[in-house]
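*Asks:* These protein sequences, in sequence, are chains A and B.
Residues 1 to 568 in my numbering are what the first sequence lists, from first letter to last.
Residues 1 to 341 in my numbering are what the second sequence lists, from first letter to last.
It is worth saying that the hints were derived from the structure and are not from the lab.
Footprint (simulated), chain A over chain B, 3 or more residues, beta carbon under 8 Å:
| hint | segment |
| --- | --- |
| 1 | 34 to 42 |
| 2 | 154 to 164 |
Capping the alpha-carbon separation at 20 Å, the derived lysine to any residue pairs in SDA-like fashion look like this:
| hint | chain 1 | residue 1 | chain 2 | residue 2 |
| --- | --- | --- | --- | --- |
| 3 | B | K59 | A | Y537 |
| 4 | A | K344 | B | Y54 |
| 5 | B | K72 | A | I329 |
| 6 | B | K289 | B | T268 |
Positions of the beta carbon are idealized from the N, C-alpha and C atoms, including for glycine.
Chain by chain, the residues:
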Amino acid sequence: MTHAHDPSVNYLNCQKGLWSWLGTLDHKRIGLMYMWSIVGAMVVGGILAMLIRAELWAPNLGDPAKALISQDLYNQFFTLHGAIMIFLVIIPSIPAALGNFVLPMMLGAKDVAFPRINRLSYHLYLTGAALLVVSIVTGGIDTGWTFYAPYSTTTETSVVMAVFGAFVLGFSSIFTGLNFIVTIHKMRPEGMGWFRMPLFLWALYATSIIQILATPVLGLALMLIAVERIMEVGIFNPALGGDPVLFQHLFWFYSHPAVYVMILPAMGVLSECFATFSRKHIFGYRFIAYSSIAIAIFSFIVWGHHMFVSGQSQLASVIFSALTFSVAIPSAIKVFNWVTTMYKGSISLDTPMIYALSVIWLFGIGGLTGLFLATLSTDIHLHDTYFVVAHFHFVMVGSALFSFLAGIHYWWPKMFGVMYKEGPARIACVISFIGFNLTFIPQFLAGTQGMPRRYWDYHPMYQPYNQLSTIGAVVLGFGLVWSLVTLLQSLTGGRKAPANPWGSATLEWMTASPPKPHNFDFAPAVGDPYDMEIVRYDENVDGYVPVNPHPADPLIPLVDPNAEDAHA
Amino acid sequence: MAALQGAQDGGTFFPPQATEAAAEHDSVFFLIFWISAFFFALINVAAVYFAIRYRRRAKGEPVEKSPSHNTKIELVWTIIPTLIVCYLFWIGMTGYVDRRTAPAGAYTVYVTGQKWSWSFAYPEGFVSNELHAPVGRAVKLVIGSTDVLHSVYIPAFRVKMDAVPGRYTEAWFESNRPGTYNLFCAEYCGQQHSMMGASVVIHADRAGFDEWVKEQTDLGDLTPVELGALLYTRKGCNTCHTLDGARLVGPSFKDLYGSPREFEGGGTAIADEAYLREAIMEPTARVTKDYSPTMPDFKNGPIKIEASELVGFIEFIKSLSADGAAEQAQAPGEAPEQEQE
Ligand SMILES: [Cu+2]
Ligand SMILES: [Cu+2]
Numbered sequence: 001m002t003h004a005h006d007p008s009v010n011y012l013n014c015q016k017g018l019w020s021w022l023g024t025l026d027h028k029r030i031g032l033m034y035m036w037s038i039v040g041a042m043v044v045g046g047i048l049a050m051l052i053r054a055e056l057w058a059p060n061l062g063d064p065a066k067a068l069i070s071q072d073l074y075n076q077f078f079t080l081h082g083a084i085m086i087f088l089v090i091i092p093s094i095p096a097a098l099g100n101f102v103l104p105m106m107l108g109a110k111d112v113a114f115p116r117i118n119r120l121s122y123h124l125y126l127t128g129a130a131l132l133v134v135s136i137v138t139g140g141i142d143t144g145w146t147f148y149a150p151y152s153t154t155t156e157t158s159v160v161m162a163v164f165g166a167f168v169l170g171f172s173s174i175f176t177g178l179n180f181i182v183t184i185h186k187m188r189p190e191g192m193g194w195f196r197m198p199l200f201l202w203a204l205y206a207t208s209i210i211q212i213l214a215t216p217v218l219g220l221a222l223m224l225i226a227v228e229r230i231m232e233v234g235i236f237n238p239a240l241g242g243d244p245v246l247f248q249h250l251f252w253f254y255s256h257p258a259v260y261v262m263i264l265p266a267m268g269v270l271s272e273c274f275a276t277f278s279r280k281h282i283f284g285y286r287f288i289a290y291s292s293i294a295i296a297i298f299s300f301i302v303w304g305h306h307m308f309v310s311g312q313s314q315l316a317s318v319i320f321s322a323l324t325f326s327v328a329i330p331s332a333i334k335v336f337n338w339v340t341t342m343y344k345g346s347i348s349l350d351t352p353m354i355y356a357l358s359v360i361w362l363f364g365i366g367g368l369t370g371l372f373l374a375t376l377s378t379d380i381h382l383h384d385t386y387f388v389v390a391h392f393h394f395v396m397v398g399s400a401l402f403s404f405l406a407g408i409h410y411w412w413p414k415m416f417g418v419m420y421k422e423g424p425a426r427i428a429c430v431i432s433f434i435g436f437n438l439t440f441i442p443q444f445l446a447g448t449q450g451m452p453r454r455y456w457d458y459h460p461m462y463q464p465y466n467q468l469s470t471i472g473a474v475v476l477g478f479g480l481v482w483s484l485v486t487l488l489q490s491l492t493g494g495r496k497a498p499a500n501p502w503g504s505a506t507l508e509w510m511t512a513s514p515p516k517p518h519n520f521d522f523a524p525a526v527g528d529p530y531d532m533e534i535v536r537y538d539e540n541v542d543g544y545v546p547v548n549p550h551p552a553d554p555l556i557p558l559v560d561p562n563a564e565d566a567h568a
Numbered sequence: 001m002a003a004l005q006g007a008q009d010g011g012t013f014f015p016p017q018a019t020e021a022a023a024e025h026d027s028v029f030f031l032i033f034w035i036s037a038f039f040f041a042l043i044n045v046a047a048v049y050f051a052i053r054y055r056r057r058a059k060g061e062p063v064e065k066s067p068s069h070n071t072k073i074e075l076v077w078t079i080i081p082t083l084i085v086c087y088l089f090w091i092g093m094t095g096y097v098d099r100r101t102a103p104a105g106a107y108t109v110y111v112t113g114q115k116w117s118w119s120f121a122y123p124e125g126f127v128s129n130e131l132h133a134p135v136g137r138a139v140k141l142v143i144g145s146t147d148v149l150h151s152v153y154i155p156a157f158r159v160k161m162d163a164v165p166g167r168y169t170e171a172w173f174e175s176n177r178p179g180t181y182n183l184f185c186a187e188y189c190g191q192q193h194s195m196m197g198a199s200v201v202i203h204a205d206r207a208g209f210d211e212w213v214k215e216q217t218d219l220g221d222l223t224p225v226e227l228g229a230l231l232y233t234r235k236g237c238n239t240c241h242t243l244d245g246a247r248l249v250g251p252s253f254k255d256l257y258g259s260p261r262e263f264e265g266g267g268t269a270i271a272d273e274a275y276l277r278e279a280i281m282e283p284t285a286r287v288t289k290d291y292s293p294t295m296p297d298f299k300n301g302p303i304k305i306e307a308s309e310l311v312g313f314i315e316f317i318k319s320l321s322a323d324g325a326a327e328q329a330q331a332p333g334e335a336p337e338q339e340q341e
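Can you build the whole structure from these sequences, using the hints too?
*Replies:* If you want it as structure tokens, here you go:
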């Protein structure tokens, strides 16, 4: 690199032009492109959510003339809302956007193991998104994001195009997972044994295992739908000799683990936040690390809990219920460890930490309401009602999306070299938090009272819950827009960020903000990623600096890679 | 929605408990609820307390060293939740097996879901669009579907079971509370999914139920128009056709008779008796313009229309238009007299 020692050159300004982005091999640029694409998709999915909530403001009493949105359109809206939010937003959010940006730097590496495949992942993401758009303009999809057969194989909407889009998106996800696994295996720096990896890497590693093992099954199931539709081969439709329950097995074999593709990386972000903002070694490192792997493994053997009233045999349901409860334990372990990490810390309530604390609340509700659904007898009543809708929004939005926001606020200074305004960013978090609870807590009650999901019209007795929910959605939307505006404002007028504003001990903070194109000039040796004592606060930079700087680069701490961990 | 009942007086969380199973379900629910509330309070109170108690007072303040792991604590908070979930699994399982296994000798009703209505076939040999049963009698539902997935869901009984095309599923209940309850479709099935409801009527005693069964089986002394009006709701035409001119899934019956019809793909006709016969028995033969061919097959489907019933429908539809009513009034002979009977 000719600019290697020019401190004003960084990965953002080293090259210009559209192709320097779209054609880049730099993991940081790819991460950012993912992030902006995800934000764009989220705006679309969010507008759809608002339209759905607007329609549900009042019951139509069976009269289409009273409705804001026709039934057909409503069915397309909730299908698209689900498909966009899951395939284009939550699944790629933390792994593809934040993971891409952070993972190589956490390893002190220049890039991921296969930068070209990484670029391909992003291009596949764009292609998959484009195919979804094509399916919308060529007739839409009205199957629900679950594509249940035989509805999906008989409806007249543009299902083949949509499943093809999801298929392509699946490959994007598989390639990202593959890349991360190889990178973590092969590119760890000197001193970084498995148990010196930051917990975010453990989380990404566990996520990647799920991505590469489960996603192909979704691809398979979706292709079979296309085959049944195009060639009229009876796979799922009993009218042709198929079995609709088979589709549910194949679908959930992927889609339950997919929930952990969403939540595991979120847990990784939280582990980083709790340690950093408490300025303490994470509590129970090994338990958190192992619990990520445990969750990844268990996630493969619980899919039948979506099918307790599907006609699946009683024995199968009993076994799946038992296995499902096993996932509760590693999740609980993580939460206990995070809270204990705060004990006797020096806790700073910066924006990422406020998001992280919100997730303790939101994941508490999301996780614990899962107990009602794993318990066989209560699931009979709650299945396919708004209780389930509320439960999975608490997990996928309340926990995964809020953690994504925690991560964005946490790594923002590193990404763009600027600090956002703390005051407005915190207020945005609090507004979103209040809005979220107002949106989804009433839905639990609508569900226990018996309101089924995917209803365009409902019994008037459910109106109060729906109205609270709609008001909450407006507040939530307002909070999210506010946080986006606050972040964007920092890009033009934000205070310049120090290399390590929060005092973290992991490697991505040991390089300039924003990083130079190749991250590090040499591969740094590392020790314990949660030994906060290797950095100290320096008022001159309003940030943290190594206590023992490396002679070749003052941002990198000098550590003895062979030293024992403080707490193994 | 055809099957809307008035607001049902339950508690904050649940609709009324109309079966013993519902009471048992709710007690399991609240057990989990209080266990969850305890753990939820524990972690959130601890998190907020620590955030305040150990808040950073000055940037760069020294941090007191504290242990970063403790195997005993880890084991405690692994084992206690494990024991709790084992217990939850157990009570959930026993409740579930009970609620899926109907007692021997239960009264069997065959339930068929189709886009977008329910039909209930009774062992006495008639079909209705309502589910009736007396208090204190175990009722087994044998559930099927003719098209896509649906799901029988009766919140007041805490009962739910999918209707799966190509196989039969089962559910059962025994109500201990007379009244009328909602049955919803809980599995997404397309356009009218949210309208696919039915009423569940629990009679206070056996006599009331028998009375109802008798009414259903004995249609002899109705005029054709009255018969048509009765069958209009009983066979579920009302889920798609109104009587007041409003458009639902299908065109309204008001002023249909005698009016000119246009069809998808061209062609026109006047809606006379022959046309109505064809429209009802072979709805896909000619599909009315601007509508989709979603009308169920009443010839071979689960709900059938007999020749005698067809006359009722045609006369009923006639009575809803000025021309038709005039014709009926003028008709020589028995027709007007019959109406007075
Ligand atoms: Cu699941
Ligand atoms: Cu339905």
